[in-house]
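Student: So the chains spell out like this:
Number of protein chains: 2
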Amino acid sequence: MRATTIHAPHDIRIEDVPDPRIQRPGDAVVRVMRACICGSDLWAYRGEAAREPGQRIGHEFLGMVMETGPEVTGLKPGELVLAPFMWSDGVCDYCVDGLTTSCEHGGFWGAPGSDGGQGEAVRVPFADATLVRIPAELAPDTPYGDSRLLDAVLTLSDVMGTGHHAALGAGVRPGATVAVVGDGAVGLCAVLAAKRLGAERIIALGRHEARTAIARKFGATDVVAERGEAAIAAVRELTRGQGAHAVIEAVGTEQSMRTALGITRPGGAVGYVGVPHGSGSGLDLRLMFDNNIAVRGGVAPVRTYIPELLPDVLDGTIDPSPVFDMTVDLDGVPDGYRAMDDRTALKVLIKP
Amino acid sequence: MRATTIHAPHDIRIEDVPDPRIQRPGDAVVRVMRACICGSDLWAYRGEAAREPGQRIGHEFLGMVMETGPEVTGLKPGELVLAPFMWSDGVCDYCVDGLTTSCEHGGFWGAPGSDGGQGEAVRVPFADATLVRIPAELAPDTPYGDSRLLDAVLTLSDVMGTGHHAALGAGVRPGATVAVVGDGAVGLCAVLAAKRLGAERIIALGRHEARTAIARKFGATDVVAERGEAAIAAVRELTRGQGAHAVIEAVGTEQSMRTALGITRPGGAVGYVGVPHGSGSGLDLRLMFDNNIAVRGGVAPVRTYIPELLPDVLDGTIDPSPVFDMTVDLDGVPDGYRAMDDRTALKVLIKP
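Respectively, the protein sequence lines represent chains A and B.
According to the UniProt record's numbering, the first sequence is numbered sequentially starting from 1.
According to the UniProt record's numbering, the second sequence is numbered sequentially starting from 1.
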């Protein structure tokens with residue numbers, strides 16, 4: 001089959017690789033119908049996260065079950081399934097707690113020895129626990145096929161679930177004033193998640209008009225285009241000097257964390273999901289201490305959130321699909337990386 | 001009257017100062033019956049927190065109302081009252097939320113222009129909101145006077161309320177496994193708070209036998225005497241390799257924060273109340289991110305906790321008074337500072 005590989009910074013290739021096959025009794029093989037490129041893939045693309053030459057890449061996908069191992073009981077070939085961005089066994093202490101990202105036997109798609117999501121097919125460990133069935137009617141080649149809805153479901157693989165995790169970490173509650181630092185796809189999904197959780201006021205920080213337009217569509221009531229100290233002043237101006245009770249940090253840099261803490265109301269919380277790339281330096285513990293600001297977040301256990309979020313996507317309560325603003329086939333994946341790296345694309349959908 | 005002043009590092013004096021008098025209509029003057037020395041006073045004593053020469057000091061006290069301003073409606077001269085370690089107006093947005101330490105008109109005892117708790121009397125701003133009445137029968141010179149109970153009530157001025165805040169920040173719940181970093185008076189009170197909140201297992205980290213004995217009395221089920229990496233290994237050994245779900249950091253140094261994060265179970269939280277003196281450097285955001293460990297705490301709004309904790313102290317459900325292991329009169333205060341600085345005393349009670 002063909003799959004995306006990364007050989008060096010900025011060297012993304014589409015190559016022939018061995019077809020996936022069942023290796024353990026709990027495995028399934030899934031033919032990928034939709035995948036996408038994540039902002040966190042760019043850390044590898046830019047050389048800021050190490051990869052072995054030729055390593056697979058991509059961790060967001062959905063598709064059709066092609067084959068199952070003898071111990072898979074909940075899935076059958078032909079069914080449509082959504083994969084979260086990590087696999088998990090479903091039975092360890094952490095999975096039982098819902099923290100599937102700390103699974104004792106979990107792992108990342110694209111890790112050495114495993115398939116990545118940006119390819120024609122993927123071997124899925126612990127298939128019963130990892131995959132979530134989605135309605136077969138969504139398949140675009142069926143009479144009721146709904147490609148847009150399929151795209152929306154794909155966001156639950158990572159970006160929408162991660163936005164939801166950030167909103168929970170920030171303590172978004174009905175009536176809350178929320179601020180979102182970061183106008184990438186996760187930040188935008190966090191706006192949507194905050195709206196879904198009942199936030200009354202949502203301040204989106206961002207300066208790219210195409211993105212802030214999506215933020216408004218997703219529920220942002222205010223947009224702040226400033227950065228740094230000016231952004232902090234602008235948010236304080238909007239909140240009677242107090243700041244927002246729930247602040248979402250969806251970037252991962254020192255500046256974004258400083259801004260997030262600077263706009264959090266005393267007693268509030270920063271929910272952070274930006275993979276830390278310098279953001280640790282932005283943690284001012286004295287500021288946190290004096291103002292009782294909590295910092296809570298991390299790698300999102302999206303597998304746990306899918307059962308809660310999927311019905312809302314299927315019935316149209318939320319539609320995160322506008323985060324995709326470019327679509328490519330497998331051969332177009334290198335162009336997709338370039339476009340996201342240049343910020344000419346927000347998030348790239350892949351139809352292999 | 002006479003009061004404690006600080007003139008320079010290690011230069012604590014007892015001096016004659018002007019008698020406090022009503023300055024604003026909401027003030028009260030309180031004659032101090034009990035005060036104490038806080039671990040955080042030692043930061044000033046050691047010169048690690050700046051003070052003006054001659055500044056008052058001490059922020060924990062209880063006593064008798066001597067005089068009230070014309071707008072004080074809830075208190076009368078002769079009543080016994082407990083003061084939290086900050087005053088607050090009771091009506092601003094933060095006070096209404098219970099975050100009295102962020103009060104828009106709040107302040108610290110001993111700040112320039114205000115009285116400190118380690119003296120014969122204190123002018124109390126916003127007396128109705130700040131002070132909490134305690135039973136008059138507790139006074140030692142009454143037929144039912146109970147000096148030990150009065151000492152126990154005094155801990156609600158700071159140390160016990162701060163331990164409770166740490167336990168809440170760490171997310172202590174019934175059945176939880178809790179670890180407490182720090183065997184000072186706050187750490188010990190945090191053990192008691194965790195026990196009160198239903199923790200099943202409480203691991204106290206400390207190496208001073210007199211203190212760990214109090215920890216066991218307060219509910220610690222395990223004591224770990226190691227430090228640093230060895231302490232982390234020991235706690236992991238006790239928790240099937242996972243760490244404790246709720247970890248309390250009650251020191252404020254880089255090492256204590258590193259230890260706290262190192263013994264927190266993925267998905268858990270560090271509740272921190274140690275005034276940050278280097279602990280920011282111990283915040284490893286990548287470790288927090290990968291394991292979804294929250295960090296939540298700060299300066300404790302003890303005023304808010306007094307109504308909840310006071311009944312439990314009065315009926316004997318909790319007795320934090322063993323944290324006091326040395327008693328002095330006003331003239332003995334400099335000795336008290338020396339003893340706490342030397343760690344020959346855990347916490348010094350003052351009977352002016």
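Calculated directly from the structure, the hints in this document are not laboratory data.
The structure displayed is predicted, hence computed values, not measured ones.
Be a bit skeptical, because a hint or two may be false.
[Claimed, not checked] Partner residues are not named here, just some residues of chain B that face chain A (Cβ under 7 Å, in silico):
1. Cys-92
2. Val-96
3. Asp-97
4. Leu-99
5. His-105
6. Gly-267
7. His-277
8. Gly-280
9. Arg-286
10. Ala-294
11. Val-295
12. Arg-296
13. Gly-298
[What the hints assert, rightly or not] Just a sample of chain A residues kept apart from chain B, beta carbon distances all over 12 Å, derived:
14. Asp-128
15. Arg-265
16. Asp-315
[Unchecked claim] Label pairs and their calculated CB-CB ranges:
17. B:Leu-287 with A:Arg-46: 17 to 27 Å
18. A:Asp-146 with B:Glu-237: 20 to 30 Å
19. A:Ala-233 with B:Val-91: 42 to 52 Å
20. A:Ala-233 with B:Ala-111: 44 to 54 Å
21. B:Arg-21 with A:Asp-97: 55 to 65 Å
Cβ coordinates follow ideal geometry from the N, Cα and C atoms, glycine included.
Student: A separate judgement is required for each hint: does it hold in the structure or not?
Tutor: We went through each hint and held it up to the structure:
Violation of the interface hint for Cys-92 of chain B is found here, the shortest Cβ-Cβ separation to chain A being roughly 10 Å, above the 7 Å cut-off. For the restraint placing Val-96 of chain B at the interface with chain A, the shortest Cβ-Cβ distance is roughly 11 Å, beyond the 7 Å limit, so the hint is violated. Annotation: interface hint on Asp-97 of chain B holds; nearest CB of chain A at approximately 6 Å, less than 7 Å. Among the interface hints, the one on Leu-99 of chain B holds; its C-beta lies about 4 Å from the nearest C-beta in chain A, closer than the 7 Å criterion.
At a threshold of 7 Å, the smallest CB-CB gap from His-105 of chain B to chain A is about 14 Å, leaving the interface hint violated. A distance limit of 7 Å between C-beta atoms decides the matter here; for Gly-267 of chain B the minimum to chain A is near 4 Å, and the interface restraint holds. Below 7 Å, beta-carbon pairs count as interface contacts, and His-277 of chain B has none with chain A, the closest being about 9 Å; its hint is therefore violated. Look at Gly-280 of chain B: its Cβ gets to within about 3 Å of chain A, closer than 7 Å, so that hint holds up.
Residue-level restraint check for Arg-286 of chain B holds (minimum Cβ-Cβ distance to chain A is 5 Å; threshold 7 Å). Hint on Ala-294 of chain B holds. Least Cβ distance to chain A is approximately 4 Å, under the 7 Å limit. The criterion of a C-beta within 7 Å of any C-beta in chain A is met by Val-295 of chain B, whose closest approach is roughly 5 Å, and the hint holds. About 4 Å separates the beta-carbon of Arg-296 of chain B from the nearest beta-carbon of chain A, less than 7 Å, and the hint is met.
With a least beta-carbon distance of about 4 Å to chain A, the hint placing Gly-298 of chain B at the interface is held under the 7 Å criterion. Every CB of chain B is more than 12 Å from the CB of Asp-128 of chain A (nearest about 23 Å), matching its label as outside the interface. Annotated as non-interface, Arg-265 of chain A brings its C-beta within 12 Å of a C-beta of chain B; the closest such distance is 9 Å. No Cβ of chain B approaches the Cβ of Asp-315 of chain A within 12 Å, the least distance being about 29 Å, so the stated non-interface status holds.
Take Leu-287 of chain B and Arg-46 of chain A: their Cβ atoms lie about 23 Å apart, and the range 17 to 27 Å holds. A C-beta distance of roughly 53 Å is found between Asp-146 of chain A and Glu-237 of chain B, which places it outside the suggested range of 20 to 30 Å. Checked against the hint of 42 to 52 Å, the pair Ala-233 of chain A and Val-91 of chain B fails, with Cβ atoms roughly 27 Å apart. The hinted window of 44 to 54 Å between Ala-233 of chain A and Ala-111 of chain B is violated, with their beta carbons roughly 27 Å apart.
At about 58 Å, the CB distance of Arg-21 of chain B to Asp-97 of chain A agrees with the hint of 55 to 65 Å.
Of the numbered hints stated above, those contradicted by the structure are hints 1, 2, 5, 7, 15, 18, 19 and 20, listed in ascending order.
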